[in-house]
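Participant: Given only the sequences and the hints, what does the whole structure look like? Please build it.
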Amino acid sequence: MKSNNESSQFVESILNILSKLPFGLRTSIMKNRMDEFLSFDDEEKNEIVLNIIMNYPKIDETSLNNLIDSWLSNLVAMPNGKINELLYRYLLMLSINPAVMENFNKDIINKLSSKLEGMSDDNQTKLKNCVFEMILNTPAPDDLLALIPKDLMR
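1 is the number of the first residue of the sequence shown in my numbering; add one for each residue after it.
Hints in this document: simulated from the structure, not taken from any laboratory. Note that beta-carbon positions come from the ideal geometry of N, C-alpha and C, so glycine has one too. Each hint should be verified, as a subset may be incorrect.
[To be verified] Per label pair, the in silico range of CB-to-CB distance: (1) Glu61 <-> Phe10: 20 to 26 Å; (2) Asn5 <-> Lys128: 34 to 40 Å; (3) Pro149 <-> Glu61: 26 to 32 Å; (4) Asp107 <-> Ala140: 18 to 24 Å; (5) Lys115 <-> Ile17: 19 to 25 Å; (6) Gly24 <-> Glu102: 33 to 39 Å; (7) Leu136 <-> Glu102: 29 to 35 Å; (8) Leu136 <-> Gly24: 30 to 36 Å; (9) Phe40 <-> Glu117: 16 to 22 Å.
Facilitator: As structure tokens, this is what we get:
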């Protein structure tokens, strides 16, 4: 197994490479990785998510926007159960790691909110319902709710 530093550098490299690909190719690869992620055990999921959370701030804004576009496109195409499973892992990692939550760059929430607002009402509703359902299932829902812009809660 790789050390945490090696894993972190690996995830950072993958995110940077993936973000530079054309939308269709990036989205297709990301969909396959998201499906594969769902087959991993909890420990593997936790490590992957924590590395993503720790490394996304190292990615330039354009690349991050590219990743968010593809991630959201893939999420809305999934059944709610799979969306919930993916979102729960991210929210859980934030919730059970106070240092990570404290240092969490809230700008990512604003980027996600902005992209979400550009989606159809049906897709917005689908994703919002999944997000809030999963937040309420975490050990610290109030801490997570505090990260979300008030206008997104309507």
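Participant: Evaluate each hint against the coordinates.
Facilitator: For each hint, the structure was consulted:
Under the hint 20 to 26 Å, the C-beta atoms of Glu61 and Phe10, about 22 Å apart, fit the expected range. With their beta carbons about 36 Å apart, Asn5 and Lys128 fall inside the hinted range of 34 to 40 Å. Evaluation of the 26 to 32 Å hint for Pro149 and Glu61 yields a failure: the beta carbon distance comes to about 18 Å. The supplied range of 18 to 24 Å is met by Asp107 and Ala140, whose beta-carbon atoms lie about 21 Å from each other.
Against the hinted window of 19 to 25 Å, the Cβ-Cβ separation of Lys115 and Ile17 comes to about 21 Å, which satisfies the hint. Our hint of 33 to 39 Å for Gly24 and Glu102 holds, since their Cβ atoms are close to 37 Å apart. The hint said 29 to 35 Å for the Cβ distance between Leu136 and Glu102, and at roughly 21 Å that hint is violated. Checked against the hint of 30 to 36 Å, the pair Leu136 and Gly24 passes, with Cβ atoms roughly 35 Å apart.
Distance hint for Phe40 and Glu117: a CB-CB separation of about 31 Å, inconsistent with the stated range 16 to 22 Å.
Violated hints for the displayed structure, listed by number in ascending order: 3, 7, 9.
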